[in-house]
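Peer 1: Read off the chains here:
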Amino acid sequence: MTSHELRGSKLSLGYAEKDIVSDLDVDIVDGAITVIVGANACGKSTLLRGLARLLKPRGGDVILDGKSIHDLRSVDVAKVLGLLPQSPVAPDGITVSDLVGRGRYPHQGWFRRWTAEDDIAVSAALEATGTADLAYRNISELSGGQRQRVWVAMALAQDTDLLLLDEPTTFLDINHQVELLDLLTDLNRHSGKTIVIVLHDLNLACRYADHIIAMKDGAIIAEGAPNDVVTAEVITTVYGLDCEVVPDPVSGTPMVVPRGRHHARAAAGLTR
Amino acid sequence: MTDLLDTPRRIRSARAVRNRRAYVITTLLAVVAFVLFVISMMVGSYAVSAPDVLASVLHLRDNPSVDFIVRDLRLPTALAGLAVGVALGVSGQLFQRVLGNPLASPDFVGISSGASFFAVSAIVLFDASSTLISGSALVGALLSAGMIYLLAWRDGITGYRFILIGIGITQLMVSLIGYIVSHASIHEAREAMTWLVGSVGQAGSGELRTLLVGLAVLLPVIVGLERSLRALELGDDTAKALGARVELNRLGLLGASIVLVGFAVAVAGPIMFVALIAGPIAQRLVGRTAGGIVAAGCVGAIITLGADLVSHQVLPVDLPTGVVTGLIGAPYLIWLLVTVNKEGRGG
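Each protein sequence line maps, in turn, to chains A and B.
At position 126 of the first sequence the residue is numbered 126 (this note's numbering), and the sequence of numbers has no breaks.
At position 121 of the second sequence the residue is numbered 121 (this note's numbering), and the sequence of numbers has no breaks.
Fair warning: there could be bad hints in the mix.
[As the list claims (entries may be wrong)] Which stretches of chain A does chain B cover? Using the computed rule of at least three CB atoms under 8 Å from a CB of chain B, they are:
(1) 20-34
(2) 45-55
(3) 92-99
(4) 113-123
[As the list claims (entries may be wrong)] For each label pair, taking beta carbons as the anchor points, the in silico distance ranges come out as:
(5) B:139 with A:16: 30 to 36 Å
(6) A:136 with B:331: 28 to 34 Å
(7) B:216 with A:210: 43 to 49 Å
(8) B:16 with A:87: 29 to 35 Å
(9) A:79 with B:19: 23 to 29 Å
(10) B:14 with A:259: 52 to 58 Å
What the hints contain is simulated information worked out from the structure, not anything from laboratory work.
This one's a predicted model, so the numbers in the text were calculated from it and none came from an experiment.
Beta carbons: idealized from backbone N, C-alpha and C, even for Gly.
Looking at chain B on its own, in the form it has when it is part of the complex (with noise of 0.2 Å):
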């Protein structure tokens, strides 16, 4: 046994330490995230030194040549990679933290193909604008939450019949995607199935400006909301007593989540994965006990980047973003299906 007064100190200084760490770790994040950004508008067929990216995207000077490159066509893409990895990364975390089961993101269990559904239907059938885009796919996100929670609830929502349930939902998208896509011209259903593989290169500047509106105003709330989390990762009883508002929370931070995903989705289609392994990375990194919201935005805008760097400019052949990240995540689904069944906390 310790001496009783040291306790506190050890209890403190190990928390300073934690803190620290964490800190350190996200700032780490967020300088890696920050630095693939600027690379991302270097490279291509005319390559741009980073000073000159730097000083044309802050406008510091005008040189008209690198200045259409850079903001005209690289930093759409680019602010779209960052933005939709962000929001990805965020909305994952919370939702495998909110039902508690790292299967529980959002592109796993039917929010992503929701807003899919009605983004595509928008683009086929009524050759929609960009804020009809973004509205359809907000609508789908929302439509596909609301029927999975509705479908979920029995007293309360568990994980497992969240999940479940989800990813019924997300076979009936698939199945209705399927029947527009056939119902298209062959021109208008080539563009679809582009489009929904994901691809940080075909965002449009109407819904990226409804992304980053939606990050700066939801980001806040939802760092806010995390001290909350905490009491509701407990479990339902033991976030009441004490003294959480479990309902109004849980609504809050999902409601947040999917109206993010279905911004994303509007911008980039629905890059699979990066909600699903961005928040159990940045956890790893930051440590459990720091929860590490913004971290998972970070790794999330990291994954996004990446991949479109890899598929860009790495690879022989021009793929869209979501092959890339399909290839990392999916041998990761695989080891969490494993590994959740052996534990037995999947169901």
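Next comes chain A alone, as it looks inside the complex (with noise of 0.2 Å):
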């Protein structure tokens, strides 16, 4: 893995006339995993789309690498930085090492179509996701966690040294949540691969980023490391949530509390 450098600065991005992110200067941390949390609506989407050239920004710029991202060849960029959007749609009737295959789009062209290099970069996506044994199924056939790992591994076949991952693990069980975060976490630890995330789940961002960056109306509140960040003061800004932060059992990193309005026992140990 090489180092890259991705930032975005005085980033204004937004859809038909509403600015959602505006004037956001934002650096991901080179060989980290960064995860992007918020309120729904509060613009990580629309960052996370904006930082791989999905969107073109309405002010400011998106440099990779020193330059400019709309100035690079599309093909290009494709090769260093990788993205899953939310939703992303399969073809009916599509097979899992098929879809797998088309994440070497960028590295193939009108003369260089198919080679052993790209089987191998397929093979190792299927290994490294577990999905190996799938690639012959159609993926209408998958469960949702395998769907999900599937489409991970289509990301990976990309081979890029960036991965943005948006909601990666919305509809997914708790259990297949874990399982896909360990993975991200895997390839970032074996292979340094730069690794940013949207996420809604506060505890588990807590416990799998390196760096923390919290959204609120199109800003950034607080970011760094989970413990420096998540305090019961910054989740209240930017979510209204009244809560308490205490130490994962696990990890040991910040868990997040909420205190709603039922449910408190009366002499809690927990409350301040």
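Both chains are given apart, each in its own frame, so use the hints to dock them into the complex.
Peer 2: Below, the structure written as structure tokens:
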């Protein structure tokens, strides 16, 4: 893995008339797992799409290795930077190995078609995600958890040093969520891939992130290591949620316990 | 779990098997289409043997009576069946794959009816020459496609909205055609109605030549773009993330299909259902993974030539090609609507 610079400077992003992210500076930590959290519609997916040049900035710029990402050829960007969108579409009747193989797109061209290198990349992606045994199955026959692993395999076959994932754990049960995040951690630790994930689950975010970015109304409220960033105060600011933050009994990372209006113990030891 | 070193080999051999299968089946389809092409020049009130047909078409030997029947009478019709079938099959599959919906074929979403409206207007109002008919059919196809694209555009195109608006455009075009025909003289109206059912036998040589040139230019381009189509099929975001230029490729693929539909309609009228059914049949035969744009063209040709043979040789009464394709296509459409709704992908 070579190291890469990915950052947004004075970035404004939006759809139609509305700016969703405005004047935002962000620097993706190389070789680390960054998790972006925030309430619904805070602009975290928009930011991710902007960083992956799926959305043209209204203002500012996204810089990849010293150059504006929109000045680079899109296949060249796609060799370095991959993205798994929130709800990817699989055409009817397509097999797992075919889908994963399509991740090789940026490495092929008009004259350079399928080669042995592509076979190796597809196999490695299938092995890494534990989907090699599913290779000839139809996507539509798979369970939600298997399907998500196959999509990750497709993004891995693209063989990029940077991988962005937009809410990859949605629709997965807790077991598969943990499995997927463990897989992404393996990829980061073993091959040094830089990973950026948009996640909803704060406790998993705190556990798996090296670096956490908390967003609200299109701006970054706090960022840093989860232990430094995730405090009851920050969570209340970001989500408007009254809560306790306690150490996660397994990992020791911060764990957010919402207070809510009901069910609080009268003289709970948890109160400050 | 399988051995790590073993997986690339398994992937590679499976890919080889799949590609060979697709190659063999596509070749077989091409052979069948060619055989039907030759047969349709053999049969009729005066039977000609296959060697005589080939010898005459290839100018290998001269035999005035056979040459007149084969070259002048039957070759244009057979060639029209072949070319129209290929054009409709290819453009149908491209629409379905670009828009990600089996209902999204040009004859279903108003491209064919737009072309028909303009061609019928040219026939009825201006008593137009063949170049003008081809030209106006093309303009009609492009205009209705442009209208659908503009109306369906909302930060991108989804197949569902494209189809609904396309059906609306179809109805608009059908009512405009009705208006034109109702203002025509009884003779012109009859001619226009015959044309509207669609028949490969009515081809003018100018329109046919335009379609053949269009195919020769656009087919290689389309086959070259199939690689990008495979990325586009995964949705806009994924395709962009893979580095595909989504809008450019989509416009190129849809644009090429629209031109082919326009030229095909100019030749044979709006032959229904060929574009709708050829693509899915081809994909079922060669496998989803192999794609099969060429196979779709072959299947389209088989259906069109087959329907023309059936309508002229098998049935007791002479029917236009479009009636026969309608008889095959309508039950398929009903089946498709039922199953699509069950799976919830047609919206």
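Peer 1: Look at each hint and say if it fits the structure.
Peer 2: Evaluation of the provided hints:
Given as covered by chain B, the region 20-34 of chain A fails the check, having 0 residues with a CB less than 8 Å from a CB of that chain where 3 are the minimum. Evaluation of the coverage hint for the region 45-55 of chain A: fulfilled, as 4 residues show C-beta separations to chain B shorter than 8 Å, against a requirement of three. Closer than 8 Å: that is the beta-carbon criterion, and the region 92-99 of chain A has 7 residues meeting it against chain B, so the requirement of 3 holds. Interface restraint, the region 113-123 of chain A with chain B: holds (7 residues with C-beta to C-beta distance below 8 Å; minimum three).
Distance hint for residue 139 (chain B) and residue 16 (chain A): a CB-CB separation of about 32 Å, consistent with the stated range 30 to 36 Å. Here the CB-CB span from residue 136 (chain A) to residue 331 (chain B) is close to 32 Å, well matched to the stated 28 to 34 Å. Checking the proposed 43 to 49 Å range against residue 216 (chain B) and residue 210 (chain A) shows it is violated: the Cβ atoms sit about 57 Å from each other. Between residue 16 (chain B) and residue 87 (chain A) the beta carbons are some 33 Å apart, a value that agrees with the proposed interval 29 to 35 Å.
A hinted range of 23 to 29 Å holds for the C-beta pair residue 79 (chain A) and residue 19 (chain B), which are about 25 Å apart. The given range of 52 to 58 Å is respected by residue 14 (chain B) and residue 259 (chain A), whose C-beta atoms sit roughly 55 Å from each other.
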